[in-house]
Amino acid sequence: MSGFEKLLEQMRVDWDRRIAHDYRFWMSDGHANDQAMWESGARDFEIITAGLQPSSSQTMVDLGCGVGRLLKTASQNFGRVIGVDVSAEAIEKAREFLLSGPEALRNTELHVGNGSDLQPIPESSVDVLLSFAAISSIPTEVVGNYLREMHRVLKPDGVARLQLYLGLEQTVRREDTLHLRCYRREHLEEALRRAGLVLEGVTELVLPIQVSFKEIGIEAVIASVRRTDRQPMSAEEISAALLPDGEPIEGESTLGNDLEYWMTLNYARELAERGDLDRARETLEYAERVSHTTAVDVGDLMQRIVAKIGSSEGNGSKPASEVAKCNDNSSNPPVQIENSGAKQKLLTRFPNLQSRFSDSPSAAKIEVRNTEEGPVVIVDGVALDHASKPKSAARQWAKQAMGDVKYANCQELVIVGLGFGYHIEALRELGCDKPIHILEPHPEVVEAAGAGRPAAWIDMISSLDCGVDAAIPQGSTVLGGNAVLEIWTRAQTQAVASEFCAKIRSKFYGERGLSLLRPNIGVLGPLSGGTLPMVPYVCRSLYGLGQRFREYDVSGFASGYDQVSKFVQGKPRRSSVENTYCEMVSQVLLESINERPVDILICMALAPISPRVLTELRKRGVITVLWFVEDYTRFTYWKETAKFYDFVFTIQKGKCLDAMRAAGAGESHYLPVGCDPGIHAPLSLSTEEKERWGSPISFMGAGYHNRQQLFASFSDYPIKIWGTEWPTCRPFDHMVQEGGRRLSPAEYVKVFNASDININLHSSHERDGVDPFGDFLNPRTFELAASGVFQLVDHRSLLPEAFEVGTEMATFRSAEELREKLQYFTAHPEERAKIANASRERALKDHTYQARIRSMLSTIFSSRFEQLKARLDASPWQKVLARAKPHAELHSRCEKAFTRGEEPNLDGLVSDVVAGNGKLSETEQKLMFLFHVRKQIIRMKEEESGGKS
Amino acid sequence: MHGIHEQTGALKKRFPHKSNVLLVNITRLGDMLQATPTIAGLKAENPDCKVTVLVEKQFESVCHFIPNIDAVRCLDLGMTVRALAREQDGIIDAFEYVTEFVDELRKEKFDYCLNMSSSAYTALLLRLIGIDNNGGWTSDDEGNRVIESDWAKLFATSVFHQNRQLNSLNLVDVFRCSADVEAHPKQLLIKVESEASQVARDLIAEAQFTNTGPLIALQAGASQEKRQWSPRLFISLVRQLLDRTSARIVLTGTNKELSILQPIVDEVNNPNVFVAAGKTTIPQLAALLKECQLLVTGDTGTMHMAVAVGTPVVAMFLASAFGFETGPYSEGNIILQPVIGCGPCNPNKPCAGLECHDTISPDIVAELAVQRLAGEVHSVSSSIAPPEQVIVYRSFFDKYGFCDLQALNNPAVTELSRYRTAYRKLWLDDLGGYPELDLDAPTSAPSSLLKFATPAGEGLDQVVLGARHGQQLIQELLQLVGDAHSSASRLGEVNRAITDLDRQIEQIGYHVGGMGPLTRMFVFSKENLSGTDPRELASQMLNIYQALERRAHKLALALSQV
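These protein sequence lines are chains A and B, in that order.
Note that our numbering gives residue 682 to position 682 of the first sequence, counting from 1, and the numbers run on in steps of one.
Note that our numbering gives residue 359 to position 359 of the second sequence, counting from 1, and the numbers run on in steps of one.
Since the hints were derived computationally from the structure, they do not count as laboratory data.
Bear in mind the structure is a predicted one, so any value in this text is a computation, not a measurement.
Note that beta-carbon positions come from the ideal geometry of N, C-alpha and C, so glycine has one too.
Warning: the hint list may mix true and false statements.
Stated by the list, open to error - With a cut-off of at most 20 Å between alpha-carbon atoms, the simulated EDC-like pairs for lysine to aspartate or glutamate come out as follows:
hint : chain 1 : residue 1 : chain 2 : residue 2
1    : A       : K935      : B       : E142
2    : A       : K879      : B       : D89
3    : B       : K57       : B       : D103
4    : A       : K919      : B       : D141
5    : B       : K256      : A       : E942
6    : A       : K941      : B       : E56
7    : A       : K941      : B       : D31
8    : B       : K290      : B       : E195
9    : A       : K935      : B       : E56
10   : A       : K919      : B       : D140
11   : B       : K109      : A       : E922
12   : A       : K941      : B       : E257
Unchecked claim - Computed far set for chain B versus chain A, every beta-carbon distance over 10 Å:
hint : residue
13   : D70
14   : H161
15   : I384
16   : D398
17   : K425
18   : Y434
19   : V494
20   : H511
21   : V523
22   : V562
As the list claims (entries may be wrong) - Ranges of calculated distance between the beta carbons of each label pair, as one might list FRET restraints:
hint : chain 1 : residue 1 : chain 2 : residue 2 : range
23   : A       : S528      : B       : Q546      : 53 to 61 Å
24   : B       : G353      : A       : E591      : 30 to 38 Å
25   : A       : E895      : B       : V481      : 37 to 45 Å
26   : B       : A497      : A       : S921      : 31 to 39 Å
27   : A       : E895      : B       : H485      : 44 to 52 Å
28   : B       : L537      : A       : N837      : 50 to 58 Å
29   : A       : P572      : B       : G341      : 54 to 62 Å
30   : B       : A497      : A       : E895      : 42 to 50 Å
31   : A       : T807      : B       : S487      : 52 to 60 Å
Chain A with its partners taken away, still in its complex shape (with noise of 0.2 Å):
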């Protein structure tokens, strides 16, 4: 077999095995089922036949239909459709949709294409030629052959409309038919004229999912292609064309190369996660068989994800030892560990871990089977080494790991895992001699390790850590040091502590990020509300944490946005046009930010921001996430919006995070309301203030219906309430304080500071008082702790992971509850005093909005580093700050107006320079003196036109 026949065996050995294992996840966006694939398919017709005007009377190919995504809607559009693809399982699963049964499509035919050809269709017979998701995984050889075909099968006037990549060439192994290839358009458009095709346009392709990366500058494109009367050239000259430097042969790349087992174990993950455990099981084997490494047995990771959904669920699915069974190769028996002194060697070594030994054990199972390589050890039934070849297979791993460009950079490692330490002898052996910092997530693990074989890699490491709560070492990189860390996790230590890995993850990655990144992150605040003044909290928390950012103040819309109901009253005629308006805001903060880039937008709760914008952000590379405040139950716009944003974050867990989920967003995270001590702290009151603020107890908020219902029946004690909205009736007339007007958070401090008993009852629509379903917490919980004043609040299902109730918070769950510790409260100041300062310490401690955004940035940036990293390389910024370099003060100048967020040109670098206000430097004095010769020549020029009427 020549190499061209092996390349077109290999595709399609890889695509039949693919469509076997999962049709729909290999061949759409849209697997959830059979109907989204349809529709999935719908919409991608549409689009990539936008334009065109298909009739009864024309033919229409589809290559590298796959298992006819496309047909269905196209068999609707044209006379006659004919379906090609390279895998015989695809065809085999397109005709069993397509082609069989009562509603079999009578017009359209498939055939299983030999992969570098479109034969059996004649010559100048096809008016359309379509091909989606299909020609960027196709090796560059074999896209040349089908250029050459297109032009023989496509009618003198007929078309071809390609969906490729774009932009920066991104070349991948000849032989790898699932990575993207991304071409140069100039090269393109060479390759077609070779061809005898023409390139009549190129329009960016914009689905649901981020299909472009601008930031790295790769773009999906629908390419317009029409035949000429030229007569195309060889296939090889085709292709030569297409990438002039051709595709690296197999092995010459190292990591990369196993994008399919990556991809399988995420869908396996997820699948388990949906409780798809059947589907799990053989994703999972099926990445076992595609992976090109040993070194890692999916066996046990699988056993793993199971045991882990069974037992959290055990809501009907399948129990784990069921599944679990067929993974049970461990044919060794397990082994007793003798310790032979080597726990003293390790406490030597590393004195931190007599804390972690001594702390509670973990609930894992821990045991030791030998293999003929040596002993590997076993947690949860996961063995965190290779269950058979643990010292090959670590050698595999080291070698792989060390071909790493990322290995290359960096000056120190830590991994994630320890195991029996074959893979740090192994990284050794092979001449790794950068530090190695070790975290293992079980403090038995490392204990067994010690006394479980010959302990060389003791010595061989840097650090060690262990137990739930390992930290990377001080000192290093990321926390501070100057050392440029990497972070491994092993993909064993993965599978039994996901969320140990998760932790240690972002906490690298988000300090890594909050150090290095410095994103330019916009803050979209709401038209009005209460979640308004929460945008400069979160702008001050940025600033604190040394970010650049943005502020996206559009409260100034919101006059003209109130002014829509004094015209239109019908509902939903002022819907309309409340809707226009928010599209108009979108679209000013939109030209803003084409004004001033931002890289990470974060919107408030109900921020005026459209789908539109949202997605014309991403396509902008810009990462989109919302903080939604709000109960998800009672606002529920996120239905439409959650899917144009790629995190959102919520003040409520469970079923809210799943909802989100579901609805498309793109990650959602449990992220509390927070407190902000600038503004929420205790205060020294003048006898003035005290006077008008203060009272024995006092109710700040809304007058929502449940607090209706309970401070009604309160009027016998003294309440001041402050807030809007409240009956103006009785018996709230003698209680309702100052007209029942809005309070800046300033003023509500003051009430807080001058009450004696601050009652916080969480708002409900539908229920009287105390709602006892209550998940969420209120700003109003963390302000009031944080001003180190007395609350007692309803009790509320997520408070407790807040605070301590009792030491640190008082509750009531009921009105008479309230009553009884509004009476023992009362008499007992010192209890009141202690809680209060207890509440305001731990609010002080772990809720601050600083650190709330410090978790969010973290999350963003563990999720997106390399992406944000490859937007800071391709920061105008980074150039500029390397020719200054040699300017001492510039360049720091030009550091602080990146900091500051600004724009590299010299708007943003004498920003803060102000003349007359103290001496200017000499570097200030000659960007003054650029700055002003800008400004003259716009002048001159402005003059000169002067005299136009």
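Please build the complex by placing chain B on the supplied structure of chain A, with the hints as guidance.
Same frame as chain A, now just chain B:
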């Protein structure tokens, strides 16, 4: 070479001796020509002095035709602005260019600089170069613009839009005095090489005129559209000149102006109208103008060039142009200044009406051209040029060698013209040291408080009172500063009172006609206070209030003499 006007020895000089001078004259050909008397004077008064001119790169070639320049330094503003427009590392390119440029200029060790460009960037550049003695604009440590000499302050005062009509000193003279130059040729200068003259003669030959009358240059285009006299009016003018003098008309200008000239050529359709526009370099244009007997122009650039080659001009000062300010700097030229409520207007504002253009008819211009061709014009009949519509002036030099304009068509004396004359006397006396006004002469001393019946008189009274109050406040300030036990709150009160007073004085200039230049000079002086020592500052402030009072008295005296 033209003879240098002899020194009278009267001009007050700040830095009489200069050996290495930098003249900053960045961007305009006209400005450069207008600086030529100053440069020639510098050389005449300091024969060994080296004169370096700093210009924008595209004007470098112009400097080769300016006499008395020893060296030219070019600032490439175009490249700088393009680099800045590239943003990103373009800023670093621009920064490095400035650094290199400043370093080179520092090496020159200039002992004196005259920067008459009021731009902020030249001020900062001079600060960076660090020349000790300056006659014009520079910048202080904090980046604020500083105007070093009183003459330069007068320059700034005179071009302050509200004050323009109260000025009758040609800016060439103000510029010259800023540089302490008294000796000067009474005209602008440009070198006309023989090659350029030959090209000019060849052009004229190429024209193949059939007429044999005077060769008249006509500059129809203008630097600003609103100064552009209508081609329709030029057509009429050309016809009249052809009819009345058998003139040979040369239309000068640049390529860009061909679209204005073509309708004139087409409409007149006469072999004696020749388009030279776009066919000449700057020295060739100068040579061509030299060949002509007269230039009729609405544009000051070509006018200055004609003046420099000694060709008389009939010049229209339309829209924002003002003859006293930038009129032809030589004797015997004719200036037409429209009489109109809105003129001279602000150069930076567009105009939709252009009514001022209609105040000057082609008939008037043709008549004046014919008269000037016949010889010096010393009077013009008001029936030819109605003085309520347009004032016709003739340029001349006064006894101190300052250019002035003499009205030829008997316009009525107005408050404005009285003030203009009075201010001229004031500045020549007070800044120049020329004996125009003697406050000590028993017959001329004004009353201590000037009892004018007009609003302006009241304004002078207010200025004098303000200046005196200021001196009292400064005396108190000096006492408070000198007394270690003085009350801080009183010090604050006095400071506030001074600030309030200064604002009141400035406002008199806005509110009372005729007071603008007086108060603007005061404001510029206050703005240019330098130093941090309170006593030193107070002493400078005292001088400023004293100068204000003295000048108010002198102005009163001058007004009484007009």
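What's the verdict on K290 of chain B and E195 of chain B, does the C-alpha distance respect the 20 Å limit or exceed it? holds, 13 Å
With a cut-off of 20 Å on the C-alpha distance, tell me whether K919 of chain A and D140 of chain B pass. This hinted pair holds, its Cα atoms lying about 9 Å apart.
Hinted pair K256 of chain B and E942 of chain A, Cα distance within 20 Å: Between K256 of chain B and E942 of chain A the Cα gap is close to 18 Å, so the pair holds against 20 Å.
Confirm or reject the claim that S528 of chain A and Q546 of chain B have a C-beta distance inside 53 to 61 Å. Since S528 of chain A and Q546 of chain B have Cβ atoms about 60 Å apart, the given range 53 to 61 Å holds.
That 52 to 60 Å hint for T807 of chain A and S487 of chain B (C-beta), does it hold up? Once the Cβ atoms are compared, 58 Å apart, the range 52 to 60 Å for S487 of chain B and T807 of chain A holds.
Against the 20 Å threshold, does the CA-CA distance of K919 of chain A and D141 of chain B hold or violate the hint? With Cα atoms ~5 Å apart, K919 of chain A and D141 of chain B stay inside 20 Å; holds.
Against chain A, does D398 of chain B hold up as non-interface, every C-beta pair farther apart than 10 Å? holds, 32 Å
Decide if the proposed pair is consistent with the structure: K941 of chain A and E56 of chain B, CA atoms, cutoff 20 Å inclusive. holds, 15 Å
Are the Cα positions of K879 of chain A and D89 of chain B separated by 20 Å at most? Distance ~6 Å between K879 of chain A and D89 of chain B Cα, so the pair holds.
Find the nearest Cβ of chain A to the Cβ of D70 of chain B and say whether that gap is larger than 10 Å. holds, 25 Å
Take the C-alpha atoms of K109 of chain B and E922 of chain A, compute the straight-line distance between them, and say whether it is at most 20 Å. holds, 18 Å
Are all beta-carbon distances from V562 of chain B to chain A longer than 10 Å? Correct as stated: the minimum Cβ-Cβ distance to chain A is 35 Å, above 10 Å.
Hint compliance for this structure: no hint is broken.
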